[in-house]
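Peer 1: Now for the letters of each chain:
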Amino acid sequence: MSKIVRSMASLLTLFAFIFGLYIIMHGHLTPGGGFQGGAVFASGVALFVVAFGSDYLHKSLKEHNLSALESSGALVFIGLAFGGLAVVFFYNFLVGSPIFGHIPPSGSNPGDMWTAGVIPFMNLAVGLKVLAGLSAILLVMALATNVAEVEE
Amino acid sequence: MAVLIGFLVAAALLLHPFGYPPSEMDDYIIQNTQSETGTNNAVTAVVFDYRGFDTLGEATILFTAVTGVVMLFRKKKKEEG
Amino acid sequence: MTGGIPFNGPFLAVAVLIGIAFYIMVSKRNMIKLVMGLSVLASGVNLFLVTLGYREGGVAPIYTNAPPGIMVLPVPQALTLTSIVIAVATLALMLSMVVHIYRHTGSTDSEKSRIMKG
Numbered sequence: 001m002s003k004i005v006r007s008m009a010s011l012l013t014l015f016a017f018i019f020g021l022y023i024i025m026h027g028h029l030t031p032g033g034g035f036q037g038g039a040v041f042a043s044g045v046a047l048f049v050v051a052f053g054s055d056y057l058h059k060s061l062k063e064h065n066l067s068a069l070e071s072s073g074a075l076v077f078i079g080l081a082f083g084g085l086a087v088v089f090f091y092n093f094l095v096g097s098p099i100f101g102h103i104p105p106s107g108s109n110p111g112d113m114w115t116a117g118v119i120p121f122m123n124l125a126v127g128l129k130v131l132a133g134l135s136a137i138l139l140v141m142a143l144a145t146n147v148a149e150v151e152e
Numbered sequence: 001m002a003v004l005i006g007f008l009v010a011a012a013l014l015l016h017p018f019g020y021p022p023s024e025m026d027d028y029i030i031q032n033t034q035s036e037t038g039t040n041n042a043v044t045a046v047v048f049d050y051r052g053f054d055t056l057g058e059a060t061i062l063f064t065a066v067t068g069v070v071m072l073f074r075k076k077k078k079e080e081g
Numbered sequence: 001m002t003g004g005i006p007f008n009g010p011f012l013a014v015a016v017l018i019g020i021a022f023y024i025m026v027s028k029r030n031m032i033k034l035v036m037g038l039s040v041l042a043s044g045v046n047l048f049l050v051t052l053g054y055r056e057g058g059v060a061p062i063y064t065n066a067p068p069g070i071m072v073l074p075v076p077q078a079l080t081l082t083s084i085v086i087a088v089a090t091l092a093l094m095l096s097m098v099v100h101i102y103r104h105t106g107s108t109d110s111e112k113s114r115i116m117k118g
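Which chain is which? The protein sequence lines are A, B and C, in order.
Mapping to my numbering: the first sequence position 71 is 71, numbers consecutive.
Mapping to my numbering: the second sequence position 63 is 63, numbers consecutive.
Mapping to my numbering: the third sequence position 99 is 99, numbers consecutive.
Worth flagging that the hints you see were computed from the coordinates, not collected in a lab.
Here a beta-carbon is modelled for each residue, glycine too, at the ideal position from N, C-alpha and C.
Warning: the hint list may mix true and false statements.
Derived EDC-like pairs (lysine to aspartate or glutamate); straight-line CA-CA distance at most 20 Å [unchecked claim]:
#1 C:33 / C:111
#2 C:33 / C:109
#3 B:75 / A:63
#4 B:75 / A:112
#5 B:77 / A:63
#6 B:76 / A:112
#7 C:28 / C:111
#8 C:28 / C:109
#9 A:3 / A:63
Label-pair restraints from in silico Cβ distances [claimed, not checked]:
#10 C:100 / A:107: 21 to 27 Å
#11 A:83 / C:28: 46 to 52 Å
#12 B:67 / A:110: 40 to 46 Å
#13 A:82 / B:5: 47 to 53 Å
#14 C:28 / A:110: 51 to 57 Å
#15 A:110 / B:72: 47 to 53 Å
#16 A:112 / C:30: 50 to 56 Å
#17 A:83 / C:9: 42 to 48 Å
#18 B:36 / A:82: 19 to 25 Å
#19 A:4 / C:19: 42 to 48 Å
#20 A:4 / B:23: 33 to 39 Å
Model the full structure from these sequences, guided by the hints.
Peer 2: Here's what the structure looks like:
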């Protein structure tokens with residue numbers, strides 16, 4: 001792509017990455033959460049692939065690294081689900097305890113970050129999983145259709 | 001084709017009037033979200049706490065789809081000799 | 001029935017979307033147009049799920065700096081999240097299969113790749 005596209009894209013992908021991580025982290029206070037933040041992050045990766053070409057990205061980011069990141073996100077999610085097995089499966093066992101355990105006053109209030117029990121950790125795990133999965137799909141499809149045009 | 005469109009339009013007009021849905025479970029969820037789960041966001045509480053099992057199934061579907069796509073685009077390694 | 005039939009605006013929009021999607025899937029032959037018709041159908045169903053849970057004059061079901069008033073139902077929004085992710089996964093698998101069929105037979109016409117060669 002031309003020089004104008006490449007210089008603007010290198011600024012905008014950084015903004016998209018930070019915005020996606022902000023949506024994942026504040027999932028228990030504002031609209032958003034794991035799935036939405038992971039999709040915003042993957043759209044930043046899509047802008048990078050279109051502007052710079054998939055070979056440039058493939059030199060520093062292989063598929064097995066993305067696969068390890070996605071599997072670790074899934075394992076953390078299942079581990080948190082088994083953590084409250086004393087009462088039921090998927091019990092919120094951190095409400096009322098010192099880590100992340102405040103209870104907000106009822107009604108409309110400015111949000112407190114240290115609330116909501118086990119939900120911020122679940123947001124991070126699902127956000128990692130969606131981020132790595134959608135980026136892997138984009139990278140593999142861009143590589144496959146790029147190489148085929150060169151060969152024929 | 002016309003039968004299908006007629007059925008769809010009739011079903012859209014004969015549902016409940018737009019803006020007054022029946023809601024008993026959601027009234028309980030809106031009242032008790034801040035005291036039981038401790039979060040300000042009722043949608044996140046429903047996705048991860050009251051109905052966390054559906055989120056587990058959806059994570060499995062996403063994992064299976066990514067595995068399928070990566071597997072379909074693998075190259076055969078030609079071994080010489 | 002007593003009273004008039006209510007004019008539900010968004011439900012009629014959903015019926016129009018689903019009708020257009022069925023017309024596309026029945027009458028087109030290019031494979032990519034079939035996949036896009038299925039994507040329009042998924043969008044219509046997601047819109048239907050979201051507009052099922054609207055209460056008259058309501059605000060979003062979030063308590064952070066919430067304006068006063070009644071809240072809309074949160075459960076259909078949670079179901080729509082799951083449905084959107086499933087639609088994305090299905091679309092990715094279908095498009096990669098279309099790429100493979102094009103490389104194998106050389107055309108994107110769905111009639112040419114229908115007959116099984118013995």
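Peer 1: Compare the structure with each hint and give your call.
Peer 2: Structure-based check of each hint:
no., hint, result
1, C:33 / C:111, "holds (14 Å)"
2, C:33 / C:109, "holds (10 Å)"
3, B:75 / A:63, "holds (13 Å)"
4, B:75 / A:112, "violated (51 Å)"
5, B:77 / A:63, "holds (17 Å)"
6, B:76 / A:112, "violated (54 Å)"
7, C:28 / C:111, "holds (11 Å)"
8, C:28 / C:109, "holds (10 Å)"
9, A:3 / A:63, "violated (28 Å)"
10, C:100 / A:107: 21 to 27 Å, "violated (56 Å)"
11, A:83 / C:28: 46 to 52 Å, "holds (50 Å)"
12, B:67 / A:110: 40 to 46 Å, "holds (43 Å)"
13, A:82 / B:5: 47 to 53 Å, "holds (49 Å)"
14, C:28 / A:110: 51 to 57 Å, "holds (53 Å)"
15, A:110 / B:72: 47 to 53 Å, "holds (49 Å)"
16, A:112 / C:30: 50 to 56 Å, "holds (54 Å)"
17, A:83 / C:9: 42 to 48 Å, "holds (46 Å)"
18, B:36 / A:82: 19 to 25 Å, "holds (21 Å)"
19, A:4 / C:19: 42 to 48 Å, "holds (43 Å)"
20, A:4 / B:23: 33 to 39 Å, "violated (52 Å)"
Checked against the numbered hints above, the structure breaks hints 4, 6, 9, 10, 20 and satisfies the rest.
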